[in-house]
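Q: Based on the sequences and whatever the hints tell you, model everything.
Protein chains: 2
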Amino acid sequence: MDQTEDSNQASKEDTDMNVEETEKGKEWMELISVKRRGLLPTGVCYDDRMKLHANADFGPIPHHPEDPRRVEEIMKTFKKAGLVFTGSDTELLDILRLTPIRYMWRIAARDATKQEICTVHTASHYDWVQELSDMSTNQLRKLSAKLDQGRASLYVGAMSYEAALLSAGGAIETCKAVASGQLKNAFAIIRPPGHHAEYDSPMGFCLFNNVPIAAKVCQLEYPTACRKILILDWDVHHGNGVQNMFYQDPNVLYISLHVYANGDFYPGKPDNPMLPDGDLDKVGEGLGKGRNVNIGWPAQGMGDGEYLAAFQKIVMPIAHEFNPNLVIISAGFDAADGDELGGCFVTPPCYAHMTHMLMSLAGGKLAVCLEGGYNLKAISQSALAVARTLMGEPPPHMEMGIPPLSKEAAKVLARVQATQAPYWECMRPGVIDIQEYGDSATRLHDVIRGYQRQVLSQKYSMVPLFIQREALFKSFENQVLVTPGIQSKRKVLFIIHDPPELHAMPNLVDNTVDPHNAFALDGVTNYVDWASKNGFGVIDANVPLYITHPEDIEPFTPRADEKTLQNQVRELVCYIWDNYLQLYDVEDLFLLGVGNAYLGVKVLLTNRDCKDRISGVVNFVTGNLRPVKSETDPDLSAWYKHNSLVFVTANHACWSDPDLVKKVNKRRFGRVKPSPQAGLGRMMDEHAAEVREWIGERLRSSDEEGGDTTEDDK
Amino acid sequence: MDQTEDSNQASKEDTDMNVEETEKGKEWMELISVKRRGLLPTGVCYDDRMKLHANADFGPIPHHPEDPRRVEEIMKTFKKAGLVFTGSDTELLDILRLTPIRYMWRIAARDATKQEICTVHTASHYDWVQELSDMSTNQLRKLSAKLDQGRASLYVGAMSYEAALLSAGGAIETCKAVASGQLKNAFAIIRPPGHHAEYDSPMGFCLFNNVPIAAKVCQLEYPTACRKILILDWDVHHGNGVQNMFYQDPNVLYISLHVYANGDFYPGKPDNPMLPDGDLDKVGEGLGKGRNVNIGWPAQGMGDGEYLAAFQKIVMPIAHEFNPNLVIISAGFDAADGDELGGCFVTPPCYAHMTHMLMSLAGGKLAVCLEGGYNLKAISQSALAVARTLMGEPPPHMEMGIPPLSKEAAKVLARVQATQAPYWECMRPGVIDIQEYGDSATRLHDVIRGYQRQVLSQKYSMVPLFIQREALFKSFENQVLVTPGIQSKRKVLFIIHDPPELHAMPNLVDNTVDPHNAFALDGVTNYVDWASKNGFGVIDANVPLYITHPEDIEPFTPRADEKTLQNQVRELVCYIWDNYLQLYDVEDLFLLGVGNAYLGVKVLLTNRDCKDRISGVVNFVTGNLRPVKSETDPDLSAWYKHNSLVFVTANHACWSDPDLVKKVNKRRFGRVKPSPQAGLGRMMDEHAAEVREWIGERLRSSDEEGGDTTEDDK
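Just so you know, the protein sequences line up as chains A and B, in that order.
Residue numbers for the first sequence follow UniProt numbering, beginning at 1 and rising by one.
Residue numbers for the second sequence follow UniProt numbering, beginning at 1 and rising by one.
It is worth saying that the hints were derived from the structure and are not from the lab.
Note that this is a predicted model, so its numbers are computed, not measured.
Do not rely on the hints blindly, as some may be mistaken.
Said to hold, decoys possible - Label-pair ranges, simulated between beta-carbon atoms: (1) 575/A - 700/B: 52 to 60 angstroms; (2) 82/A - 289/B: 42 to 50 angstroms; (3) 400/A - 87/B: 44 to 52 angstroms; (4) 529/B - 575/A: 32 to 40 angstroms.
Just so you know, even glycine gets a beta-carbon here, dropped at the ideal spot from N, CA and C.
A: Have a look at this one:
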C-alpha cells in the first residue's frame with residue numbers, strides 16, 4: 001500500500017511547521033486582508049502524532065472503531081482534492097499571499113496546558129489521564145479491558161495522554177484562530193474525540209472534552225469579541241459531556257442532533273439519575289434554561305430530509321435568535337451514510353448545506369472540530385464536503401432534491417419546538433401550559449363527547465348505558481350511549497369507535513384555535529342515523545385514546561400503550577356483552593369497529609364465545625391490522641374470514657409489505673378491502689352504501705318491520 | 001463634483017471591453033477552475049450607456065425616482081469598496097488569473113436581439129419600444145406626460161429603446177455566464193428595470209422584462225443544465241409582469257416578497273380583472289399551480305425580522321423542494337431602509353443574509369439583476385452587501401440580533417403556508433379543505449356552545465331564551481341561556497361574552513388536533529357559578545365572532561366587520577331588553593361584557609334608556625376600548641364613569657399611546673384598570689374576587705335571601 005508512504009510524508013511535514021513560519025503567516029494575513037474576511041484562508045489543524053493514541057488491549061477483534069487511521073484518512077482526502085498543499089511551506093506562503101483561498105492554511109497543533117484543560121475538567125481527572133503515561137503496557141492493557149465495559153466505553157494506550165493533549169490543543173488553536181479573525185474559518189482534524197468526556201471522567205472514546213475546553217479558552221481570551229458561543233453537535237451520539245459542562249451557562253448554547261431512541265442509544269441514560277440525558281426535555285438549568293437544545297431522533301435511519309428540516313425549523317431560527325459570536329461544530333460524522341454504528345443516511349451534500357447555513361452566523365466565524373465517525377470513506381467524504389464549503393465552494397446542487405421529512409421526525413421537531421418555546425421567541429407557538437389556566441379549561445375530548453351525547457339524545461333519544469367501573473373518570477362519562485328500547489330489538493348495531501377527528505388551523509402566534517375554523521369529523525353519526533331509521537337498536541361506544549387520569553397536565557401524554565388499551569377495551573366490551581347484549585333477544589347483531597377502537601371487536605370475539613350470535617363484522621382501519629383467532633375456539637378464525645368486511649386505507653403497509661400481503665391474501669385479518677380514502681371519517685363516508693348493502697344481505701331477521709320500529713322510537 | 005469625472009472614466013472603460021479580452025477571460029477561467037466553482041470570480045455587468053434613458057418630459061419636479069444615477073452610484077460604490085478593479089483590463093486579467101475572487105469579473109452588456117426579447121414579449125410590444133427611437137423630443141415629451149398617469153406609470157426618452165436593449169442584453173449575458181458555469185455568480189447593474197413590464201405593454205418604469213427574457217434564453221440555450229429556474233423578487237413592488245409571463249409554467253418558480261396592502265400598493269389590482277394580482281391566493285394556473293408564491297405584506301413598515309422569517313419559513317423550504325438549476329434575483333432595493341417609496345426597513349446585512357441563503361441553491365448558480373430602489377445611498381449599500389456576499393464574504397454578524405417578526409406578518413406567512421400547502425410538501429399542514437369532509441364535519445363553535453348548554457343546564461338548569469330573529473342560524477341556536485325563574489329575580493347578572501377561547505397543539509403533519517391536548521377556556525362559567533349561588537338570575541349571551549351564514553367553506557373568512565357586528569349585537573341585546581329585562585322587576589341589574597362582545601354593553605346603554613335600572617357594569621377588554629356616550633342622554637357619559645369597572649390588559653395601547661392615555665385619564669372609557677393577565681380567561685380568573693366584592697358593595701337589594709333563592713332553583 002502506498003498509504004504508508006503518504007502518511008510518513010505527512011508525518012514529517014505535519015510536525016515541523018515552526019512558530020516563525022506561523023508568524024510569517026500572520027504577517028501576510030494582515031497584508032492581504034483588505035478588510036475582506038472572505039479573502040482570508042480557511043484553516044486546517046492536523047498533527048500526525050494524534051494517530052499514536054491506540055488500544056493497548058489489541059485483541060482478536062481486528063479494529064476498534066475509533067481507529068487511528070480516521071484522522072489520517074481525512075487529511076489524505078483533503079490533499080487529494082487539492083485543498084491542502086503538498087509542497088513546501090515556503091512555497092505555500094507565496095501562493096497563499098496571492099491566492100489566499102486556494103489552499104487551507106495549516107494550523108499547528110500543540111499540547112493543551114493543564115490550566116486550559118481544567119477550565120472544564122477537574123484536576124483529578126487531568127491527573128488520571130496524565131498517569132496513563134506512567135503505566136506499563138500490561139497495566140494499560142488491563143485498564144483498557146476494564147474501561148471498555150458498559151457506559152464508560154473507552155480504551156487507553158501508551159500515548160493516549162500525549163494524543164489527548166494535542167487533540168485539545170489543536171481544538172484550542174483552531175478556535176482561537178477563527179475567534180480572533182486570523183482565519184475565515186477552520187477545520188480541526190483531531191482525535192481522541194471529546195464530547196462524551198465528563199468534567200470528572202473519561203467516557204465513550206473520549207479523554208478530554210476538546211470543544212468545551214476550546215470554547216472556554218476563547219471566552220477567557222476574548223471576553224467581548226467571543227462572549228456567546230454556539231456549539232452545534234451533529235455527531236450521531238448525544239454529547240453528554242458538553243451538555244453537562246454548560247448546563248447552567250447562558251453564554252454557551254448547545255444544540256445536539258442525535259439518535260435518542262428513548263434512551264436506548266449510546267450514551268443513553270446516565271448512571272446518576274440526577275444528571276440530564278439526551279432527551280428533548282433537557283433544556284438547561286437556572287440561567288442556562290433554553291440554552292440546551294436536544295434534537296433526539298426516535299430511531300436510527302434518519303437522513304438528509306430530517307437533518308435539513310431540523311436545521312430549517314429549529315437550529316437556524318434558534319441560532320439566529322441567540323446570535324453567537326463564534327460557532328463551533330462538534331463534528332462527528334457517524335450520522336453519515338455508510339456508518340454502521342450510526343445507522344443514519346446523511347450525505348456529503350447535506351453536510352455541506354448544514355455547514356453553509358451555519359456560516360451565516362457570527363459573521364462567518366465557524367470552527368469545525370472532529371468528534372466521532374467510524375467509516376473511513378464516509379467520514380472523509382463528509383469532512384471534504386464540509387471543508388470545501390468552508391473554503392467558499394457553493395454547497396452542491398442536490399440533483400434528486402431533498403428527501404421528505406419522515407412523520408416520526410416531524411413529530412420530534414414539533415416537540416422540540418414546543419419544549420423550547422418558553423425560551424425562544426422563534427419557537428412560539430409552543431406548548432400549552434394548561435396549568436396556568438386552572439379550572440376554566442376543559443379538555444376538548446370531553447366537550448366533544450358531551451356534544452355528541454346532546455346530538456344523539458336529541459335525534460335518537462339515546463341515553464347513557466350504565467357501566468360499572470372500578471373508578472369513574474370524566475372521559476368515560478358519556479362513553480356508551482344506546483337507543484331506547486334496545487333490549488327488545490331484533491337487530492342491533494354495536495359501534496365501537498375512536499373519538500371524532502379534529503381538524504383545526506391554529507393561530508401561528510399564540511396557538512389559539514378559532515372555533516369557527518375548526519371542525520370535528522365524525523363518521524359514526526351517519527351510520528347511527530341509518531341504523532336507527534332502519535329499525536336497529538344502536539350501541540355507540542366511544543373509546544378514548546387516552547386513559548391516564550386524574551387529568552394529566554403533561555401535554556405530550558404518551559398514547560395508551562397497547563396492553564393497557566387492550567385491557568381497558570376488553571373490560572368495556574365484555575361488560576357490555578355480559579350485562580346487556582348476551583341477555584337480549586337479538587337475532588341480528590352487527591359489530592362496527594372504527595379506528596384504534598376496532599381492537600374492541602377483536603377482544604370481544606376472542607374473549608367471549610359470541611360468534612354464533614353475530615351476523616357480521618365491519619371494520620374501518622387506519623392502524624394495525626389484527627388477526628382474530630382463539631386458542632379455545634378453532635373455528636373462530638375461519639368464521640371471521642367469512643363474516644367480516646375490513647376497510648383499510650390504500651396506502652397501508654398491508655398492500656406493499658410482502659409479509660403482510662401474504663397474510664392479507666390468506667385472510668388472516670378477515671376480508672380486507674382497500675379504501676381510496678385516507679382518514680376514518682372519509683373512509684366511512686365513501687363506503688357507507690356498500691356497508692349498508694352488505695349488512696342488508698346478511699340479515700337473518702325479516703326486514704319489514706324496520707320502518708315501523710323507527711316510528712315506535714319517536 | 002468629482003462625480004462627473006468618475007462617470008466619464010467609467011464610461012470609457014465600461015464600453016470598450018472587446019470580445020477578444022472576454023475570450024481571454026474564458027481561457028483563464030478554464031485554466032484556474034480546477035473543478036472548484038468557489039475559485040471562479042463573481043461577475044458584474046455594467047454599461048454606462050444605460051444612464052442615457054432619461055425622461056424627455058423634464059418638468060419642474062427635480063428628479064423622477066427612476067434616476068439615471070442609480071446604476072452609476074452602485075458601480076461607484078463597488079469600486080470604492082475595492083470589489084471592482086479600476087486599473088486596466090490586462091492588469092485585471094493578470095490579477096484574476098492568480099486571485100480570481102479578489103475582484104469582480106466584468107461582463108460586457110450588449111443589445112438584446114428582437115428574437116430574445118420576443119421569447120416573452122409580443123412583436124408589437126417590441127416595435128412600440130423601438131419606435132421611441134424615431135420620435136422627436138416633442139413627441140416623446142407628450143408621450144411621457146401621458147404615460148406617467150395611473151397604473152402605466154412610465155416615462156420615455158430619446159435613448160430609452162437603446163438603454164432597454166442593453167438592460168435586457170446585460171441580464172442575458174449575466175445569467176448565461178452563471179448558468180453555463182463560467183462565473184461563480186454575478187450581479188447585473190442594469191436599468192431600466194423590468195419586472196412590471198407585461199408581455200404586451202410597458203409599465204411601472206419598465207420597458208422590457210429583463211429577468212424573464214434572460215431566464216427564457218438560458219432555458220433555450222441550456223435545456224438540461226438550466227431546466228428549472230427560481231426567480232426570487234424582493235423588490236418592494238409585486239412583479240406582475242414576471243408572474244403573468246410564467247403563470248402556467250411549471251419550470252419557473254416565481255416567489256415575490258412585496259407590499260400588497262389589500263391591493264392598495266403599486267401595482268395593485270390590474271385593469272383587466274381576469275389577470276391575477278399580487279395577492280397570496282394567486283398560486284399559478286394549470287401546470288404552473290404552486291409555481292407562483294406571493295408573500296404580500298399587509299402594509300409597509302416591514303423589516304429584517306419579517307424578511308428573514310419569510311426566507312426561513314417559506315422561501316427556502318419551497319426553493320429547496322423546487323430544487324432549481326439557476327436562481328435569479330429580481331433585486332429591487334426599494335424595501336431597503338431609507339427608501340421613501342417602499343417605506344420598509346430592510347438593512348444591508350439582511351440583504352446579505354438573504355443572498356447567502358439563496359447561494360445554497362442550484363449549486364450556487366445565482367444571478368442578481370437590479371430592478372427598482374430609489375434612495376441612492378440605500379440601493380448602493382444594499383447592493384454592496386449583496387455583492388460582497390456573492391464574492392464569498394461571510395454575511396455580517398447582526399450585532400443587535402434579528403428584530404422579532406410582527407404578528408401581522410406572521411399571519412401572512414401562515415396564510416401563505418396554508419395557501420401553498422397543496423403544492424409543496426414542506427408547506428403542509430395547511431389549509432383545511434372542509435368541503436371534502438362533507439356532512440360529517442361540525443364547526444367546533446357549535447360543538448362548544450352545545451357543550452356549554454349541556455353544562456349550564458345540568459348545573460344551573462339554564463334553558464335557552466327565545467330570541468326571534470329574521471333568520472335562524474345554527475350558531476345562534478343556544479346563544480342565550482337563562483337560569484329558571486329569572487323573571488321574578490331581584491338581582492340579575494347579564495353576561496355578554498365571546499365564545500370560549502380554544503388552545504390546541506395541532507399535529508405538525510396533517511393539522512389534526514388531538515382532543516386530549518386541546519382545551520376550551522371559558523372564564524364565564526365561574527361567574528355564572530358564583531352569581532347563581534348568590535341568588536342572581538343569570539342571562540348568558542354568547543356572541544359568535546362570525547356571522548356569515550350559510551356556513552362558509554372559506555377557512556379565512558374575515559371576522560365580521562365592525563358595523564355588521566354592531567348591528568347584530570344591538571339587535572340581540574335590545575331584543576333581550578325590550579322583551580325580557582325591561583319587563584322584569586329587577587332591583588339590581590349588572591352587566592358583564594367580555595371580549596369583543598363587550599360592544600353589547602355599549603350598544604345597550606346607548607340605544608336604550610336603561611342606565612337608571614343598572615347597578616353596575618364590569619367589562620373585560622382585550623381589543624378596542626369604547627367610549628359610552630349618547631346624544632340624547634347627556635348624563636350617560638358621567639354615569640358610566642362612576643358605575644363601570646373596565647379591566648384592560650397591561651400591554652394594551654391605552655397605557656402607552658399618549659392620545660389614549662389622555663382619554664383613559666379622563667375616564668372616557670369608564671373606570672379602566674390594568675390587568676396583569678393577558679387572555680380573557682385568565683383576566684377573569686385574576687379579578688374574580690375583586691369583581692364580586694365590587695358588585696356586592698353596589699347591591700341595592702338586601703342580600704340575605706341569596707342562599708335561599710339558590711335552593712329554590714334546585
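Q: Evaluate each hint against the coordinates.
A: Here is how each hint holds up against the structure:
| no. | hint | in the structure |
| --- | --- | --- |
| 1 | 575/A - 700/B: 52 to 60 angstroms | holds, 56 angstroms |
| 2 | 82/A - 289/B: 42 to 50 angstroms | holds, 45 angstroms |
| 3 | 400/A - 87/B: 44 to 52 angstroms | holds, 45 angstroms |
| 4 | 529/B - 575/A: 32 to 40 angstroms | holds, 34 angstroms |
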